[in-house]
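Peer 1: Quick mapping for you: the protein sequence lines, in order, are chains E and A. The numbering used here runs 239 ahead of the 1-based position in the first sequence. The numbering used here runs 239 ahead of the 1-based position in the second sequence.
Since the hints were derived computationally from the structure, they do not count as laboratory data. Fair warning: there could be bad hints in the mix.
[What the hints assert, rightly or not] Here are the simulated lysine to any residue pairs, SDA-like style, with alpha carbons at most 20 Å apart: (1) Lys292(E) x Arg255(A); (2) Lys305(E) x Gly323(E); (3) Lys292(E) x Ser275(E); (4) Lys305(A) x Thr261(A); (5) Lys292(E) x Gln312(E); (6) Lys292(E) x Ala258(A); (7) Lys305(E) x Gln291(E); (8) Lys305(A) x Pro318(A); (9) Lys292(A) x Arg268(A); (10) Lys292(A) x Asp251(E); (11) Lys305(E) x Arg263(E); (12) Lys292(A) x Arg255(E); (13) Lys305(A) x Ala267(A); (14) Lys292(A) x Ala260(A); (15) Lys292(A) x Ala258(E); (16) Lys292(E) x Asp251(A); (17) Lys292(A) x Thr261(A); (18) Lys292(A) x Asp259(A).
There are 2 protein chains.
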Amino acid sequence: MVIRELSDVDTDRIFRALADATRRDIVARVTSREQSVSELASAYAMSFAAVQKHVAVLERAMLITKERRGRQQIVHGDPAMLRGAAQLLEAYEEIWRARSQRIEQILTEGNEKEEGHDRSERR
Amino acid sequence: MVIRELSDVDTDRIFRALADATRRDIVARVTSREQSVSELASAYAMSFAAVQKHVAVLERAMLITKERRGRQQIVHGDPAMLRGAAQLLEAYEEIWRARSQRIEQILTEGNEKEEGHDRSERR
DNA sequence: CTCTCGTATAACCATTTAGTTGTAGGTTAG
DNA sequence: CTAACCTACAACTAAATGGTTATACGAGAG
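All chains should be modelled from the sequences, with the hints used to inform the complete structure.
Peer 2: Below, the structure is given as structure tokens:
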């Protein structure tokens, strides 16, 4: 559905677009209720142009779409693409999980090496 | 487990770390089989230092861990964190999906701004 | 001990990003 | 028509990114 093959470049764009709290917030907002660019802009402590750029980044990553309505541009989220992004990560996770099992198997046959170190760094 | 609250900064780091094909490949590789940094470096057409930096970015995003073994540093993926990242996107997608439904509901009850743009369900 | 290997880090460079202000164009309101 | 509004875009700046080469340092090998 809509997402078939995602190129590396597309994937880069999607992840990069999501790597900004303002943009994630924009996506959340417009998925909640479609809003014009200026409505969005008024919600953030930055210039209109900055918000407009963020919207452009999201649009380029295909995470939102714009629709011209009168003199304003209405922004709404693209659920299909969002789902696609989620699936993309799920797919990664699954591949990695499968490989982890193989590792485990290899370890249990040729082992002397302990695996369970606790990782929980945080700042 | 392991992933409870992910701050905005953490989320930024995770998405940004994944927004690079080389880094995604590194994560895939080390989840497949743990490898030293120099082993990894030999797999890419770039300098050792560049690869080492990519590894550092992934480590900072908590997507991989390093373990010193003799004079080499063994890199392996952190399945829990990867799963956490996947869940993060799933969570977004779910929120957005729920909100889409609300929109739909609102539209069907309080509408008068209906000008026939095709908003809504068909994903 | 000395040499080499694996890693880390520093200094540098080019490109991109995230923000700014300013300007221009199109659309609606009066 | 004119004024106000919404959007887009250009030009600029500061900071971050992704790469380079060179250097330093710890740990094993001989």
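Peer 1: So, for every hint listed, does it hold in this structure?
Peer 2: Evaluation of the provided hints:
1. A distance of roughly 18 Å separates the Cα atoms of Lys292(E) and Arg255(A); the hinted pair therefore holds under the 20 Å criterion.
2. For a cut-off of 20 Å, the pair hint linking Lys305(E) to Gly323(E) stands: about 19 Å separates their Cα positions.
3. For the hint linking Lys292(E) to Ser275(E), the alpha-carbon distance of about 14 Å falls within 20 Å, and the restraint holds.
4. A threshold of 20 Å between alpha carbons decides the hint, and for Lys305(A) with Thr261(A) the separation of about 18 Å falls inside it, so the pair holds.
5. For the hint pairing Lys292(E) with Gln312(E), the CA-to-CA distance comes to about 13 Å; that is within 20 Å, so the pair holds.
6. Taken as a hint, the Lys292(E) and Ala258(A) pair is honoured in the structure, with Cα atoms around 19 Å apart against an allowance of 20 Å.
7. The straight-line distance between the Cα atoms of Lys305(E) and Gln291(E) is roughly 11 Å, inside the 20 Å bound, and the hint therefore holds.
8. Simply put, Lys305(A) and Pro318(A) have alpha-carbon atoms about 14 Å apart, close enough for the 20 Å limit, and the pair holds.
9. Of the pairs offered as hints, the one joining Lys292(A) and Arg268(A) holds, with about 16 Å between alpha carbons and a cut-off of 20 Å not exceeded.
10. Taking the CA atoms of Lys292(A) and Asp251(E), the gap is near 18 Å; set against the 20 Å cutoff, the hint holds.
11. Restraint check for Lys305(E) and Arg263(E): satisfied, since their Cα atoms lie roughly 16 Å apart, inside the 20 Å limit.
12. A threshold of 20 Å between alpha carbons decides the hint, and for Lys292(A) with Arg255(E) the separation of about 18 Å falls inside it, so the pair holds.
13. Of the supplied pair hints, the one linking Lys305(A) and Ala267(A) holds, its CA atoms being roughly 15 Å apart against a limit of 20 Å.
14. With a C-alpha separation of about 14 Å, the suggested pairing of Lys292(A) with Ala260(A) holds against the 20 Å cut-off.
15. For the hint pairing Lys292(A) with Ala258(E), the CA-to-CA distance comes to about 19 Å; that is within 20 Å, so the pair holds.
16. For the given pair, Lys292(E) sits about 18 Å from Asp251(A) by alpha-carbon distance, which is consistent with the 20 Å threshold.
17. Under the criterion of a C-alpha separation no larger than 20 Å, the hint pairing Lys292(A) with Thr261(A) is consistent with the structure, at around 11 Å.
18. The straight-line distance between the Cα atoms of Lys292(A) and Asp259(A) is roughly 12 Å, inside the 20 Å bound, and the hint therefore holds.
When held up to the earlier numbered hints, the structure conflicts with none and fits them all.
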